[in-house]
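Quick mapping for you: the protein sequence lines, in order, are chains A and F.
Position 22 (the first sequence) corresponds to 22 in the numbering used here; numbering is contiguous.
Position 106 (the second sequence) corresponds to 1106 in the numbering used here; numbering is contiguous.
The hints are simulated quantities; they were obtained by calculation from the structure and are not laboratory data.
Hints should not be assumed to be uniformly reliable.
Stated by the list, open to error - Output of the computed footprint for chain F on chain A, the stretches with three or more beta carbons under 8 Å from beta carbons of chain F:
| no. | region |
| --- | --- |
| 1 | 38-52 |
| 2 | 104-111 |
Stated by the list, open to error - To give a feel for the contact side, a few chain A residues facing chain F, derived at Cβ under 8 Å:
| no. | residue |
| --- | --- |
| 3 | 56 |
| 4 | 86 |
| 5 | 90 |
Unchecked claim - Footprint (simulated), chain A over chain F, 3 or more residues, beta carbon under 8 Å:
| no. | region |
| --- | --- |
| 6 | 1057-1071 |
| 7 | 1101-1110 |
Every value quoted in this text rests on a predicted model; they were computed, and no experiment measured them.
From the three backbone atoms N, C-alpha and C, an ideal C-beta is built for every residue, glycine too.
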Amino acid sequence: DAGVTQSPTHLIKTRGQHVTLRCSPISGHKSVSWYQQVLGQGPQFIFQYYEKEERGRGNFPDRFSARQFPNYSSELNVNALLLGDSALYLCASSFSPHSGANTEAFFGQGTRLTVV
Amino acid sequence: AQSVTQPDIHITVSEGASLELRCNYSYGATPYLFWYVQSPGQGLQLLLKYFSGDTLVQGIKGFEAEFKRSQSSFNLRKPSVHWSDAAEYFCAASGNTPLVFGKGTRLSVIA
């Protein structure tokens, strides 16, 4: 069974551009979360979607947006890219909305975004 | 605010030596606790998790962790480190909320 898949694996963009990152969850998982991991730091929560509805949002500007499709895959969009947006973007899928009793988040390999 | 602290940024151990990575949390109630490992350029792999019950939790790759409520700690241990254990280790917590991660501890293993 395939794990969480993210595309693309690497991406280079110019400041001011827009980027779309994609994530396919594990089959049967209805929840997708996005995390930003800046070099040398732990992952920071950006968004969480469950059953196609936004269930949580971290402390990120409105330039960041996301959505979840009927097949539970998800997109993360970032507008007006800044140098500080350079990071590894991780997608996690789980059966239920949040990591808790008898559930866990499975992470993809991430998309490495470099803004120049 | 909910937070997870990993006091050690970088630890170097000899192959075959024992290992302990520290993790402290600050939460309103006892959260669910996790340890993840990340190899360079890779995603996160779950090593073990604590939800309730026995405070000593066994995980994959020979790792274990002990939950100590009185110290708000969840330290990761391994009795004998292998060179392949060199990676970044993240402690995380969740109270039926999104995961909150520590900043990580980088483990180097020397011969």
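Now for the hints, and whether the structure bears them out:
1. 38-52: Check passed, 7 qualifying residues.
2. 104-111: Coverage by chain F holds for the region 104-111 of chain A (7 residues, Cβ < 8 Å).
3. 56: Nearest chain F Cβ about 5 Å off; hint holds.
4. 86: Interface hint status for residue 86 of chain A: violated (14 Å vs cutoff 8 Å).
5. 90: This hint holds: residue 90 of chain A lies near chain F, its Cβ roughly 6 Å from the closest one there, short of 8 Å.
6. 1057-1071: violated (count 0)
7. 1101-1110: holds (count 4)
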